[in-house]
Amino acid sequence: MTTTNPEPSVIAAPPITQISPGAWVKKNLFSDWFNTILTIVCLGAIAWLGYGLLTWIFTQAQWQVVPANLRLFFVGRYPAPLMWRPWTALGIIAVSAGLTWGILARSTWLFNRTGLIFLGVLAVLFVALSVPVSLNTSLLLLAILGLSVAAAFAGQQIGQRFPTLVSWLALGWLGIFFIVFGLIRGGLFLREVRLDDLSGLLLTLLTAIVSIVLSFPIGILLALGRQSNLPVVRWMSIGFIEIIRGLPLITILFMSSLLVPLILPPNVRIDRVVRAIAGLTLFSAAYLAENVRGGLQSIPRGQSEAAKALGLSAPLVTVLIILPQALKAVIPTIVGQFISLFKDTSLLAIIGFAELLGISQSILSNPNFLGRYQEVYAFDTVIYFCCCYAMALASRRLEKQLRTENR
Amino acid sequence: MTQAQTDAVQPEIGSEKVIIARDVEKWYDNNFHVLRGVSLSVNKGEVVVVMGPSGSGKSTFIRTFNALESYQKGSIEIDGIKLSHDLKNIETIRREVGMVFQQFNLFPHLTVLKNVTLSPIWVRRWPKAKAEEVALQLLERVGILEQAHKFPGQLSGGQQQRVAIARALAMQPKIMLFDEPTSALDPEMVREVLDVMRTLANSGMTMVCVTHEVGFAREVADRVVLMDSGVLVEEATPEEFFQNPKEERTQKFLSQIL
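Protein chains in written order, with our numbering: chain V, 35 to 441; chain Z, 2 to 259.
Looking at chain Z on its own, in the form it has when it is part of the complex:
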């Protein structure tokens, strides 16, 4: 991901699969069967939106991609690396997978700039000057440049979430995961975050987003999938998904949110 790519007109979706999840099953500690054999593959440059009612396991599912959640059965391959229990392996994958959380999860004791430079400096071992240069570029891109030396607590929710996106991008990941990035925001701040995500999608980033933003899904997604009770119910292009859903469960879900 570089600045130059941002200006590309319409990125091509490659045929190279960067996420391959096969029959992923997970039980919580209390034996609740949260994922019941979910399979999904995502091509390079593709934007996949995951929808579904709460408790359907959609967040849990995308959190298995960077091993924030473990799983008991099935297999996950990220960018050609099989996800195993080996710590080194997990850390390698996390370097390539950025994640944005519902609650932003910025580090409150560090300035915005330090939030963004932290992991390039400590994980990528970049010199401070380079990390700061890249961080400032990213902050400019998400429109927070003038807040770089403030603390997260001094920013609005929308600004914090944009910083969180910049922080994830600073590692120059190949894949970005969004876990309900706008759900904790006041309505008037949702747009500024979606705008950043839209630009990111147009720049050719591979993205998997759990979100309830139908407008965003229609406009940006290459594919929309519906999860319910730990099962992947339907997988379709946005047009098909919203205009002409095949499954009854999808129709019911759409009638509730539209």
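Same shape as in the complex, but just chain V:
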């Protein structure tokens, strides 16, 4: 592109597939005087903010608080002699993730450029985080990363050999969840760690994952119940959804921690964590039900008519025809719901749990680290962002994979 278009947005763009960076800049940033001013102003603002942030990160912030408390951040007050169990769990997850990746990418390149950059960033991050703690931690983390990459290659081979394995991945992850949970929690021949003693990111992840996994089927059932022909089922679903949606989450959490023990008979005790998870699950399920209902309503009536005309029974019509399409249509909203559920676990800090945010507060009350608010919360921000962005990426991948139109 050598000629300058006065208004590129109005004139139909010629079919150019590759344009030089210079032309791109000219076209998108400096096309006319107004855009030029806008570009300069924005660049100035970004530079100013970036400069401030970088100066703070590299000269003013006192980061010792993070490596000194790294273990607290991640696994909280998990008993030190049992630390091998979270490590093993991390290893299992890393290997499974690698295998999954390999199986999914069985017929393409395992690592394209973005993938390699991602791995590199991860490795640097691991080292930067763990070197101040101890060299062993650093080596362990890198070893796990290496294991994960090796597993990806193995997964690719396995995936090519057994392509049907893909449909078992979800079930496999459910199994892995139980293994990891058992490992963390103990029981049987392992020393038991009480659920209420878990803290840190470990607790955040546990509450978030369990709530997400449980609220998904409950939400679907509520959505179906709301559309049911049976009046009692319909009324109960509507009543539940509307009551829960009418309450702030924090109220539900307070009720689960304060009210439930009062109502239950004195000899029945439920772990606080379990009660909190129940609260999160019910809350999330009510919202999910409404999202799913939106999906159900977006499916044209002809779909269920065609399925019925083929002789399928009502439950089969729902399970085979309507639900798969409805869920596919609302993946973005559902994942959005899960992301917000993940962030909502931080409310547990208010009712006295030491999850990521709670443990941060107790770190801040340690006299050695008084006043290190910015550093600690900046670190929390990064962790929350990484987890949420990972979910967003997974959702995008899922959408791409399930797209059946114009492939």
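To be clear, the hints were calculated from the coordinates, so they are not data collected in a lab. Built from N, CA and C at the ideal position, the CB exists for glycine as well.
Which chain Z residues face chain V? A few, computed with CB under 7 angstroms, are given here: (1) Asn67; (2) Leu69; (3) Glu92; (4) Arg95; (5) Arg96; (6) Met100; (7) Gln104; (8) Asn106; (9) Phe108; (10) His110; (11) Ser120; (12) Trp123; (13) Val124; (14) Phe152; (15) Gly154.
Below, a list of computed lysine to aspartate or glutamate pairs in the EDC-like style, where the Cα atoms sit at most 20 angstroms apart: (16) Lys151/Z <-> Glu433/V; (17) Lys89/Z <-> Glu339/V; (18) Lys83/Z <-> Glu17/Z; (19) Lys115/Z <-> Glu339/V; (20) Lys45/Z <-> Asp80/Z; (21) Lys247/Z <-> Asp229/Z; (22) Lys253/Z <-> Glu236/Z; (23) Lys247/Z <-> Glu236/Z; (24) Lys18/Z <-> Glu78/Z.
Among the chain V residues that face chain Z by a calculated CB cut under 8 angstroms, a handful are: (25) Ser347; (26) Gln359; (27) Thr438.
Since the structure of chain V is already known, use the hints to place chain Z on it.
Okay, now just chain Z, sitting in the frame of chain V:
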């Protein structure tokens, strides 16, 4: 319905009645009287074309045959089974009655092959291999074999409608209902669908078609009926219906579409 029957020269129309509708009346929820006592019986192997202006209740009428529409008065008997409100009964009848819709209504999240094998596997409980074998035969018959692993969204309208016909046939129904199967198609695709329907009619399938395709009705139908305002106005052989209609309403209708 098997492959062998397809090659039969000219099927005989039996005297056995497979559809008997007597004085069917239906009101919509807003009290609109859409069917005002419609009676029709269809013999085995017969092809009946239902014509009529839009809003005449013709689609609603044939949709009562497989209980996609309920009715309040009268009776319908399909293949010797009285249509009642009992769900089991309705599902039994739906197994024997295939239906093709104006909007195709293929399942967009399943491949063409899975669209066709879905109900043989889940309703007839056929093993997957058998269902796929039959499905591929049917897809070959309607000329879509090479598209079997594509998704419906990747096919043209005419191809989608042919898949829909194959999907209905996969259940090996005794009766096929066509609800304006070519109305949503681009003109150049109408023929490929009508060709499939013609072959099907020649193979001895009992068919009830709501359609505006006069050529198809003349050539393939054993009987043509006209519906208007929820009433069955005229019932005649195609020759009589198109050359020499008795009712004034039919003459008026024909003058509008011919």
